[in-house]
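Protein chains in written order, with the numbering used here: chain S, 1 to 313; chain Y, 1 to 313; chain G, 1 to 264; chain W, 1 to 264.
Just so you know, the hints here were simulated from the structure itself, not pulled from any lab data. Backbone N, C-alpha and C define an ideal beta-carbon position, used for all residues, glycine too. Some clues are possibly wrong.
[Claimed, not checked] Here are the simulated distance ranges between beta carbons:
id: 1; chain 1: Y; residue 1: 140; chain 2: W; residue 2: 69; range: 55 to 63 Å
id: 2; chain 1: Y; residue 1: 12; chain 2: W; residue 2: 206; range: 49 to 57 Å
id: 3; chain 1: S; residue 1: 104; chain 2: W; residue 2: 187; range: 31 to 39 Å
[Claimed, not checked] EDC-like, lysine to aspartate or glutamate: derived pairs with alpha carbons at most 16 Å apart:
id: 4; chain 1: S; residue 1: 139; chain 2: W; residue 2: 166
id: 5; chain 1: Y; residue 1: 19; chain 2: Y; residue 2: 170
id: 6; chain 1: S; residue 1: 9; chain 2: S; residue 2: 232
id: 7; chain 1: Y; residue 1: 74; chain 2: Y; residue 2: 51
id: 8; chain 1: S; residue 1: 74; chain 2: S; residue 2: 141
id: 9; chain 1: G; residue 1: 131; chain 2: Y; residue 2: 96
id: 10; chain 1: Y; residue 1: 139; chain 2: G; residue 2: 126
id: 11; chain 1: S; residue 1: 160; chain 2: W; residue 2: 181
id: 12; chain 1: S; residue 1: 289; chain 2: S; residue 2: 276
id: 13; chain 1: Y; residue 1: 97; chain 2: G; residue 2: 126
id: 14; chain 1: G; residue 1: 148; chain 2: G; residue 2: 31
id: 15; chain 1: W; residue 1: 69; chain 2: S; residue 2: 251
id: 16; chain 1: Y; residue 1: 147; chain 2: S; residue 2: 153
id: 17; chain 1: Y; residue 1: 97; chain 2: Y; residue 2: 73
id: 18; chain 1: Y; residue 1: 203; chain 2: Y; residue 2: 170
id: 19; chain 1: S; residue 1: 97; chain 2: W; residue 2: 126
id: 20; chain 1: S; residue 1: 139; chain 2: W; residue 2: 126
id: 21; chain 1: W; residue 1: 155; chain 2: W; residue 2: 196
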Amino acid sequence: MAEPEVAGKLMPLAEAVKKLIPDGCRLRSGGIAVRKPFAVIYEVMRQRKRDLTFLMSGWTEDADWLIGAGCVDKLEGSYLGLEALGLAHCYRRAIEKGVPRRVLIEEYSNFGMTMRFMAAGMGLPFMPVKSQLGSDLLKVESFRHPKAQVLEDPFGSGEKVALLPACPADVALLHAQRCDADGNAQVWGQLGDDLWGTYAGKKVLLTVEEVVPTRVIRHDPNRTIVPGFRVDAIVATPFGGHPYQVQGYYDTDRAFRRDYAARSTTREGWESWADEWVYGVEGHEEYLKKLGEERLARLRAKPVMSGKVNYGY
Amino acid sequence: MAEPEVAGKLMPLAEAVKKLIPDGCRLRSGGIAVRKPFAVIYEVMRQRKRDLTFLMSGWTEDADWLIGAGCVDKLEGSYLGLEALGLAHCYRRAIEKGVPRRVLIEEYSNFGMTMRFMAAGMGLPFMPVKSQLGSDLLKVESFRHPKAQVLEDPFGSGEKVALLPACPADVALLHAQRCDADGNAQVWGQLGDDLWGTYAGKKVLLTVEEVVPTRVIRHDPNRTIVPGFRVDAIVATPFGGHPYQVQGYYDTDRAFRRDYAARSTTREGWESWADEWVYGVEGHEEYLKKLGEERLARLRAKPVMSGKVNYGY
Amino acid sequence: MATEAAGVPAPPYKRTELMAICAAREICDGEIAFIGTGLPMLGGMLAKHTHAPNCIMIFESGVVDARPKRTPLSIGDGCLVPGSVMLCGLTEVFGLLMQPGYVDVGYIGGAQIDKFGNLNTTVIGDYRNPKVRLPGSGGANDIGSLAKRTIIMMKQDRLKFVQKVDYVTTPGYLDGPGGRERAGLPRGGPACVISDMGVYRFDPETKEMFLESFHPGLSVDEIRNNVSWDLAVSPKVRATKPPGKRELQVLRTKCDPEGIFLGT
Amino acid sequence: MATEAAGVPAPPYKRTELMAICAAREICDGEIAFIGTGLPMLGGMLAKHTHAPNCIMIFESGVVDARPKRTPLSIGDGCLVPGSVMLCGLTEVFGLLMQPGYVDVGYIGGAQIDKFGNLNTTVIGDYRNPKVRLPGSGGANDIGSLAKRTIIMMKQDRLKFVQKVDYVTTPGYLDGPGGRERAGLPRGGPACVISDMGVYRFDPETKEMFLESFHPGLSVDEIRNNVSWDLAVSPKVRATKPPGKRELQVLRTKCDPEGIFLGT
Numbered sequence: 001m002a003e004p005e006v007a008g009k010l011m012p013l014a015e016a017v018k019k020l021i022p023d024g025c026r027l028r029s030g031g032i033a034v035r036k037p038f039a040v041i042y043e044v045m046r047q048r049k050r051d052l053t054f055l056m057s058g059w060t061e062d063a064d065w066l067i068g069a070g071c072v073d074k075l076e077g078s079y080l081g082l083e084a085l086g087l088a089h090c091y092r093r094a095i096e097k098g099v100p101r102r103v104l105i106e107e108y109s110n111f112g113m114t115m116r117f118m119a120a121g122m123g124l125p126f127m128p129v130k131s132q133l134g135s136d137l138l139k140v141e142s143f144r145h146p147k148a149q150v151l152e153d154p155f156g157s158g159e160k161v162a163l164l165p166a167c168p169a170d171v172a173l174l175h176a177q178r179c180d181a182d183g184n185a186q187v188w189g190q191l192g193d194d195l196w197g198t199y200a201g202k203k204v205l206l207t208v209e210e211v212v213p214t215r216v217i218r219h220d221p222n223r224t225i226v227p228g229f230r231v232d233a234i235v236a237t238p239f240g241g242h243p244y245q246v247q248g249y250y251d252t253d254r255a256f257r258r259d260y261a262a263r264s265t266t267r268e269g270w271e272s273w274a275d276e277w278v279y280g281v282e283g284h285e286e287y288l289k290k291l292g293e294e295r296l297a298r299l300r301a302k303p304v305m306s307g308k309v310n311y312g313y
Numbered sequence: 001m002a003e004p005e006v007a008g009k010l011m012p013l014a015e016a017v018k019k020l021i022p023d024g025c026r027l028r029s030g031g032i033a034v035r036k037p038f039a040v041i042y043e044v045m046r047q048r049k050r051d052l053t054f055l056m057s058g059w060t061e062d063a064d065w066l067i068g069a070g071c072v073d074k075l076e077g078s079y080l081g082l083e084a085l086g087l088a089h090c091y092r093r094a095i096e097k098g099v100p101r102r103v104l105i106e107e108y109s110n111f112g113m114t115m116r117f118m119a120a121g122m123g124l125p126f127m128p129v130k131s132q133l134g135s136d137l138l139k140v141e142s143f144r145h146p147k148a149q150v151l152e153d154p155f156g157s158g159e160k161v162a163l164l165p166a167c168p169a170d171v172a173l174l175h176a177q178r179c180d181a182d183g184n185a186q187v188w189g190q191l192g193d194d195l196w197g198t199y200a201g202k203k204v205l206l207t208v209e210e211v212v213p214t215r216v217i218r219h220d221p222n223r224t225i226v227p228g229f230r231v232d233a234i235v236a237t238p239f240g241g242h243p244y245q246v247q248g249y250y251d252t253d254r255a256f257r258r259d260y261a262a263r264s265t266t267r268e269g270w271e272s273w274a275d276e277w278v279y280g281v282e283g284h285e286e287y288l289k290k291l292g293e294e295r296l297a298r299l300r301a302k303p304v305m306s307g308k309v310n311y312g313y
Numbered sequence: 001m002a003t004e005a006a007g008v009p010a011p012p013y014k015r016t017e018l019m020a021i022c023a024a025r026e027i028c029d030g031e032i033a034f035i036g037t038g039l040p041m042l043g044g045m046l047a048k049h050t051h052a053p054n055c056i057m058i059f060e061s062g063v064v065d066a067r068p069k070r071t072p073l074s075i076g077d078g079c080l081v082p083g084s085v086m087l088c089g090l091t092e093v094f095g096l097l098m099q100p101g102y103v104d105v106g107y108i109g110g111a112q113i114d115k116f117g118n119l120n121t122t123v124i125g126d127y128r129n130p131k132v133r134l135p136g137s138g139g140a141n142d143i144g145s146l147a148k149r150t151i152i153m154m155k156q157d158r159l160k161f162v163q164k165v166d167y168v169t170t171p172g173y174l175d176g177p178g179g180r181e182r183a184g185l186p187r188g189g190p191a192c193v194i195s196d197m198g199v200y201r202f203d204p205e206t207k208e209m210f211l212e213s214f215h216p217g218l219s220v221d222e223i224r225n226n227v228s229w230d231l232a233v234s235p236k237v238r239a240t241k242p243p244g245k246r247e248l249q250v251l252r253t254k255c256d257p258e259g260i261f262l263g264t
Numbered sequence: 001m002a003t004e005a006a007g008v009p010a011p012p013y014k015r016t017e018l019m020a021i022c023a024a025r026e027i028c029d030g031e032i033a034f035i036g037t038g039l040p041m042l043g044g045m046l047a048k049h050t051h052a053p054n055c056i057m058i059f060e061s062g063v064v065d066a067r068p069k070r071t072p073l074s075i076g077d078g079c080l081v082p083g084s085v086m087l088c089g090l091t092e093v094f095g096l097l098m099q100p101g102y103v104d105v106g107y108i109g110g111a112q113i114d115k116f117g118n119l120n121t122t123v124i125g126d127y128r129n130p131k132v133r134l135p136g137s138g139g140a141n142d143i144g145s146l147a148k149r150t151i152i153m154m155k156q157d158r159l160k161f162v163q164k165v166d167y168v169t170t171p172g173y174l175d176g177p178g179g180r181e182r183a184g185l186p187r188g189g190p191a192c193v194i195s196d197m198g199v200y201r202f203d204p205e206t207k208e209m210f211l212e213s214f215h216p217g218l219s220v221d222e223i224r225n226n227v228s229w230d231l232a233v234s235p236k237v238r239a240t241k242p243p244g245k246r247e248l249q250v251l252r253t254k255c256d257p258e259g260i261f262l263g264t
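Based on the provided sequences and hints, a complete structural model is requested.
Pasting the structure below:
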C-alpha cells in the first residue's frame with residue numbers, strides 16, 4: 001500500500017507562519033510549561049503579526065513576548081507569569097499602562113481552559129466543570145457575554161456545574177517530539193493540555209524536534225497524539241522549545257529564562273532583549289547558531305530510556 | 001524513598017470478587033472487544049452473584065454469559081451481540097421470554113455510554129453529545145427518568161446538544177497488560193472506553209496479565225492508565241481476557257467463540273456450555289489447564305516490538 | 001432474500017462479493033472512512049488496495065489508519081493494531097475526529113430501513129415486548145448522526161425495507177427534508193444504501209431513497225416487490241457494474257481469503 | 001514583612017525554611033498531595049523524605065508520584081518525569097483525580113487573603129484598571145475549589161491580610177458558613193494558612209481564620225498588627241514548633257541545595 005501523499009505539508013518555519021497565521025486570528029499555544037512552541041513564537045514576532053487573540057491554559061514567556069511585541073489584541077487564558085521567576089512584565093505594562101498597546105483578557109482557571117479546549121476539540125458548544133463556582137472568575141465579565149452559565153443538574157442530584165463556552169482556535173500550535181512526513185505526531189512526558197488544545201484548532205501548525213520515517217511512528221502508535229490528516233503544516237525545529245525543555249531532547253535553559261526575567265522588568269530592557277534574540281536574528285537556524293553548540297550540548301538530555309512493549313497478536 | 005505499602009491489594013480472584021462485588025451492585029466491564037475481563041466474569045458466575053446492574057459501552061459474550069447465568073437485573077449500555085458471530089441468545093431469551101429471568105435495559109450509543117462514563121469519572125452529573133438527537137435512543141424511556149435532556153446552547157450558537165446523565169459504577173473492572181504491586185496499571189493497543197470506564201468506578205478491580213516490578217512501570221509512565229491509589233484489588237490472571245485477545249500477549253480464540261455462538265442458541269446448549277466451561281471449573285487456573293498448554297501456545301502473540309523513547313532531561 | 005432471475009446463469013461472483021465491491025467504490029482516495037467489521041471492512045480494505053490507497057480507515061475501539069494483514073473478526077481485533085498510525089480510545093475517535101466533522105464516510109448495517117433512510121438495529125416488534133431483540137446501536141447512531149455521509153449495507157426484503165421502522169436506532173433523514181436540522185444533528189445523513197439486490201441513493205430535495213442500480217440478474221420489478229413502500233426509481237436506472245477481475249481477485253485473496261464474511 | 005523581635009537572637013534557620021517545614025508537616029503519610037512549584041514543592045519533597053514516605057505528589061501538567069532528583073523550577077520541569085508512575089495531562093489530573101475528590105491536600109499561594117480564606121492572585125486594585133496585574137488563577141482556583149483541603153502559603157502584612165480581597169480568584173469559605181455549599185462547590189476549603197509570621201486554621205463553625213501559632217521570635221501583637229481585621233487567636237496559641245535538625249538538613253541538602261526558593 002502506498003504512503004499517503006505528503007502534499008507539501010513539510011515546510012520552512014517562515015512559510016508555515018506566513019501561510020497559517022493571519023493577523024487577527026485566534027492562536028492557541030502549547031500550555032503548562034510543556035513542549036512550548038517557542039520557535040513559532042519567535043517567528044510570529046519577526047513577521048510582526050497583529051491583533052492576535054492568544055489562547056492558552058497557562059502562559060509564560062510566550063505570551064509575554066508576543067504582548068511585548070504588540071502582536072496581541074486579546075488573551076483568553078488562566079495564568080500569565082514567569083512561574084518561579086516572578087511576574088510577567090510585558091503583561092503588566094500592557095494591562096496597567098497600555099504599553100505598547102492595550103490588551104483585553106478573559107480569564108478562567110487552568111482546568112476551565114482545558115475543558116473549553118475539550119469542548120472546541122469535540123465540536124461541542126460548552127463543557128461542564130465544578131471549579132470556579134462562587135469565584136470572580138465567573139462573575140467579572142470581560143469581553144465575552146455571558147462568560148459562563150451556572151446550571152443545576154437537570155437529573156435531580158441538586159449539584160451545580162458551571163458550563164464554560166468552547167474555546168475554538170483558528171490555528172493550534174503543537175510542539176511534539178517527533179512526527180513522520182504525514183504529520184502523525186508523537187509526544188511523551190507530561191501532556192499538559194495538548195490533546196484537547198491541539199484539536200481545538202481548525203488548523204494545526206506542528207513543529208517537531210525530529211521528522212522520522214513513518215515506520216518509527218507505526219511501531220509505537222499509542223504515543224501518537226494527532227494523526228497527520230489533522231495537521232496542516234509541519235516544521236522541523238530542533239530545539240524548537242528552547243528556552244523550555246522537551247523531554248528526552250533537552251533541559252530548560254535556566255540562564256536564558258533568568259536573563260529574560262531580569263531584562264524584561266523595564267520596557268527598554270525588554271526591547272534590548274528582543275533586538276538581541278528576536279529581531280536581530282534571521283530565523284531558527286541563526287538562533288541556534290547564536291546559542292552555540294556548546295550551550296546546546298550542555299542542555300541536551302541524558303538518556304533515561306523506556307522499555308519496549310509488544311504490539312503483536 | 002520507600003515504596004508505598006501494598007496493603008494487601010494483591011489477592012486471589014475468588015477473594016477479590018467476593019470482597020468487591022456484592023449482589024445488586026453496579027458493575028462496569030471493559031468494553032469494545034478490547035482486554036475484556038473474562039476471568040472476573042467467570043468468577044462472578046461461579047459465585048452466583050445476583051441482581052447486578054451491568055454497565056458497558058459495547059457488550060459481547062461477557063454480558064451474554066452473566067445474563068444466561070441469571071446474575072443480571074439491569075443493563076445500561078449500547079450494544080449486545082456476538083459481533084461477526086451473530087446475535088447474543090441469552091440476551092434474546094431474557095428480553096423476549098424472561099428466561100432465565102427478566103432483564104431491564106437502558107440504551108445509549110457507544111459514544112453516549114463513553115461520555116456517560118466520562119461524566120462519572122470526572123465527578124460531573126452529565127456530559128453533552130451531539131449524536132442520538134432525533135433518535136428513539138433519547139425518546140424511548142426505560143427505567144431512568146429522564147433519560148436525557150436536550151439543551152440549546154446557552155451561548156447563543158443555536159446548536160443543540162443532548163445532556164446524558166453520568167453512569168457511575170460501584171465497581172469498575174479493568175483488565176490491563178501489566179501493573180506493579182501498588183496497582184499502577186499499564187495498557188497499550190486499542191483503548192476502547194477504558195480510561196473513563198475505569199475511573200467511573202468508586203472501586204476498581206484490576207486484573208492483569210503480569211505483575212511486574214515497579215521500575216518497569218516507572219520506566220515508561222506514559223503507558224499508565226490508572227494509578228495504584230485508585231485501585232482496590234489486584235489479581236494476576238494470565239490469559240485473563242480469554243477467549244478475547246490481549247495485545248502483545250495472545251490472540252482471540254476464534255474456535256472458542258464460535259463454539260459458544262453455536263451452543264448458546266438454545267437454553268440447553270448454553271447450560272451444557274456453562275457446565276463445561278464455568279460451573280465445572282474450579283477457578284482460573286483450572287480453566288487454563290482445561291484449555292491446555294498447546295491451545296494457549298497457539299494463541300500466544302508473536303513479537304512486534306515497539307521502539308524505546310528517552311524520558312531523560 | 002432475492003432469487004436469481006430464471007434462465008440467467010449465476011454470475012461468477014457471490015452477492016456478498018458484489019456488496020463488498022460496491023462498498024469499496026463509495027470511498028474516494030484520501031478520505032477518512034469509519035469502518036465496522038464485516039462487509040464494510042472488506043470494502044475498506046479493497047478500496048485501499050485498489051483505487052483509494054490514501055484512504056484512512058478508522059475503528060471506534062481506537063485505531064487510526066489500520067492496515068490489517070488478515071480479516072478482522074471484531075472491532076477490537078489485534079490485527080488492526082500493528083502498523084496503524086495512532087491508537088487511542090472511543091473519545092478520540094468519536095469525540096475528536098467524528099463529532100467535529102473530520103470523518104468523510106461511515107458504514108452501518110441495519111435490520112429495518114424506511115424510505116428516509118432511518119435505521120433500526122434495536123428490536124423487531126414492540127420495544128418492551130419484542131419479537132426479536134437485536135444488538136442495539138453500538139456505534140451506529142454516532143456514525144449516522146455525525147459522519148459527513150453514511151453508507152448503509154443490508155439485506156433486502158419487504159420486512160426489512162419497511163414503511164415505518166419499529167425503532168429509530170440511527171437517524172436517516174427522520175421525517176424528510178429539514179428533519180435532521182430540526183433534531184439538531186450537525187451534518188450528514190445516508191448517501192447510499194447497498195443491499196443484496198441493488199444500490200440506492202437519496203433525492204437531495206425530497207430526501208427519499210431511490211433505486212440507482214439493480215444487481216445483475218435482477219429486474220426493477222423484483223426489487224420493487226421487495227420494498228414495502230412505492231419505491232422511486234432513477235430515470236437512469238441501470239444494472240450495477242459487475243465486479244472487475246482485479247476487484248474480485250484482491251477481495252478474495254487479500255481481504256477475506258477464508259470467506260469469513262463473503263461465505264465459502 | 002515581619003521584623004524580628006528586638007533582643008531575640010536570629011534563629012538558626014530562615015523564615016522560608018520554617019514555612020517549607022510547616023508545609024511538609026501538613027501532609028500525612030499515604031496522602032495524595034497536589035503541588036505547585038516553590039515552597040509547597042519543597043514541603044512535599046521534605047514530607048516524602050521524612051514522615052510521609054508514602055505520600056504521592058501530583059502535578060497539574062500531568063505527573064503522578066513525582067520523585068524529582070533536583071529542585072523543579074517549573075510545573076513542567078523535566079525532572080518530575082523519570083521515576084513517576086503515571087504521565088498524563090490536565091484533564092486526568094484535575095478531571096479524574098481532583099474533581100471527583102481523590103486529592104487530599106492542595107497547596108496554593110496568594111497576594112491577598114481575607115478572614116474567610118478567600119484568595120486573590122489576579123489584580124491589586126480595580127480589575128479593569130489595576131494597580132498591579134498579577135498572574136491570575138492558573139490551577140489555584142481548581143485546587144481551592146476541588147481538593148479535600150487546601151493549604152495556603154503566603155507572605156503577610158496588612159496589605160495582604162485584608163478586609164476584602166480585590167478579586168476572589170480562589171474561593172475560601174466565601175461569605176462564611178454555608179458559602180461554599182451555596183455556590184455549589186462539592187467539598188473542601190482552606191484548612192491552614194502558613195505565612196512568614198505564623199500558622200492559622202479555620203473555625204469549623206464560623207469558618208473564620210484564627211492564629212494557631214506564631215513563628216519563634218514574633219509576638220501575637222506583632223502578628224495582629226499585620227492583619228487588617230480583628231484577628232481571632234486560639235486560646236492555646238503557642239510558638240510554632242521550630243525546625244528539627246533532620247528536617248533542616250534534608251530540606252537544605254535534598255530539596256533545595258541551590259537555595260532557589262529558600263534563598264541563599
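Here is what the structure says about each hint:
1. A hinted range of 55 to 63 Å holds for the C-beta pair residue 140 of chain Y and residue 69 of chain W, which are about 58 Å apart.
2. Checking the proposed 49 to 57 Å range against residue 12 of chain Y and residue 206 of chain W shows it holds: the Cβ atoms sit about 51 Å from each other.
3. Remark: the range hint 31 to 39 Å for residue 104 of chain S to residue 187 of chain W is upheld by a beta-carbon distance near 34 Å.
4. For a cut-off of 16 Å, the pair hint linking residue 139 of chain S to residue 166 of chain W stands: about 13 Å separates their Cα positions.
5. Distance check on the hinted pair: residue 19 of chain Y and residue 170 of chain Y sit about 12 Å apart at the alpha-carbon level, within 16 Å; holds.
6. Distance hint between residue 9 of chain S and residue 232 of chain S is fulfilled; the C-alpha atoms sit about 6 Å from each other, no more than 16 Å.
7. At roughly 7 Å between alpha-carbon atoms, residue 74 of chain Y and residue 51 of chain Y fall within 16 Å of each other, so this suggested pair holds.
8. With a C-alpha separation of about 14 Å, the suggested pairing of residue 74 of chain S with residue 141 of chain S holds against the 16 Å cut-off.
9. Note on residue 131 of chain G and residue 96 of chain Y: the hinted pairing holds, with a Cα-Cα distance of about 6 Å set against a maximum of 16 Å.
10. Distance check on the hinted pair: residue 139 of chain Y and residue 126 of chain G sit about 14 Å apart at the alpha-carbon level, within 16 Å; holds.
11. Distance hint between residue 160 of chain S and residue 181 of chain W is fulfilled; the C-alpha atoms sit about 10 Å from each other, no more than 16 Å.
12. Restraint check: the Cα-Cα separation between residue 289 of chain S and residue 276 of chain S comes to about 13 Å, which is no more than 16 Å; the hinted pair holds.
13. In summary, the hint linking residue 97 of chain Y to residue 126 of chain G is supported, as the alpha carbons are separated by about 13 Å, within the 16 Å threshold.
14. In summary, the hint linking residue 148 of chain G to residue 31 of chain G is supported, as the alpha carbons are separated by about 11 Å, within the 16 Å threshold.
15. Proximity of residue 69 of chain W to residue 251 of chain S is assessed by CA-CA distance (about 14 Å); at most 16 Å being required, the pair is judged to hold.
16. Taken as a hint, the residue 147 of chain Y and residue 153 of chain S pair is honoured in the structure, with Cα atoms around 13 Å apart against an allowance of 16 Å.
17. For the proposed pair residue 97 of chain Y and residue 73 of chain Y, the alpha carbon gap of about 15 Å is at most 16 Å, so the pair holds.
18. At most 16 Å may separate the alpha-carbon atoms for a hinted pair to count; residue 203 of chain Y and residue 170 of chain Y meet this at roughly 6 Å.
19. With a C-alpha separation of about 13 Å, the suggested pairing of residue 97 of chain S with residue 126 of chain W holds against the 16 Å cut-off.
20. For the proposed pair residue 139 of chain S and residue 126 of chain W, the alpha carbon gap of about 14 Å is at most 16 Å, so the pair holds.
21. Note on residue 155 of chain W and residue 196 of chain W: the hinted pairing holds, with a Cα-Cα distance of about 5 Å set against a maximum of 16 Å.
Going down the numbered hints, you'll see the structure goes against none, and every one checks out.
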